[in-house]
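Sequence lines, in order, name chains U and F.
Here the first sequence is numbered in my numbering, starting from 1 and rising by one per residue.
Here the second sequence is numbered in my numbering, starting from 1 and rising by one per residue.
It is worth saying that the hints were derived from the structure and are not from the lab.
We put the CB at the ideal spot given by N, CA and C, even for glycine.
One should not assume that every hint holds.
[As the list claims (entries may be wrong)] Distance windows between CB atoms, simulated:
id, chain 1, residue 1, chain 2, residue 2, range
1, U, N200, F, N10, 55 to 65 Å
2, F, Y26, U, E46, 53 to 63 Å
3, F, D31, U, G25, 49 to 59 Å
4, U, S201, F, E116, 44 to 54 Å
5, U, S201, F, L24, 40 to 50 Å
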Amino acid sequence: MSLLKKMNREINTIIIDDHAIFAEGLCSFLESDYLRVKRIFTSSKEALKYLKSTNDIDLVFSDINMPEINGIDLTKKIKNHNNKIKIIMVSMYEDQNIIKEAYKNQADGYLSKKSSLSNFKKAIKYAFQDLKYTNPAIKETYEFQDKLTLKYSLTNREKEILSYLIKEKSNIEIGSLLNISKRTVETHRKNIMLKLDVKNSIGIAVKTLKYNLLS
Amino acid sequence: MRLSQLNDPNYYQALKSEINNLELIYNQVRDLSHDLNSDPKFTSSFYEKLDISINKMIKSFSSKSVNIFPKEQINNIKDNSLQTTILSTCKELITNVIKHAKAEMINVDISAHKNELIIIVFDNGVGFDPIKKPDNLGFSQIKARILLHDGEFKIDSNKNNGTTIIASFKLYN
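Bound conformation, chain U alone (with noise of 0.2 Å):
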């Protein structure tokens, strides 16, 4: 933590959880010798209001699902205001297209609930300077849930022309062995580059041998 060191003084810090109890606890956690938590709020509206009358905040833990203000729309709303103000999510939701929301609208990191206190320093330490830290548990469920995504939204019929593709069949020769026309066999190649988020026949045989898709 010696970069927190460095900044000479200590961190001013809010939390906003609607749960009195989760924050607290957070408080309790987070509490040290560089890190001073000022106040809490279980109130999104009284944070922000907070928030406009003082210069002392450095950072910001919130919560995402509240009443009033939600937790990204409140971050919207502090960095519109003050865009020096470090903001970092602690939820629940692990749904990647929450993450991909809260980063959009300027979020500094985000945290599950299920954080240890070291992914708690490690993000800490990334907002201050301007990354932004993911914990990695949530970024493991992900990427494992794409490579099921991925291997489950190829049909049948695209399995089995991927497994000509990869014996480096051509589209008409795949036409002739499945009995359809060329161009049914170009529109499904089509459709496979899509799922698979690739530009061409190489990116093909790489995703499939490496995600083990035809298994």
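The hints should help you fit chain F onto chain U, whose structure is shown.
For chain F alone, kept in the frame of chain U given last:
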């Protein structure tokens, strides 16, 4: 139609097929009226709507699969007339398979690319010669509708080797 002719097996077959057709029409009208009546407050996303209605339509097949990809891109289709066209194209293509293909297997595959949406309906039925009888299967209606959306319509069928029909629409974001 005379009741006395009911014992004639040919007549009975014809009657049966008429009844089947009536049932199809009944179901379509019913679905259509449900679609028209759906309260926007309770309407699910377009992805769910497609998924549910297609699965409903093909439930009688012994082997079937529906593949709609990717969810977000599909839900980004907000244009009402395009939504209706996509849904009714699927309906008509599936109805054709039910009525004519004698297939056990059907696959409905909808893929949204950046600028294009592709519907593929693929069955393992009797197939037909697309040059000989393209127009008595109601394809002209589908074609007209697809052309309204700058789309394309391709039939790939061989006698006794199943049919793949590809309908595509331009997507403007």
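Exercise for review: Could you work out which earlier hints the structure fails to respect and list their numbers in ascending sequence?
Suggested key: Violated hint: only 4; rest satisfied.
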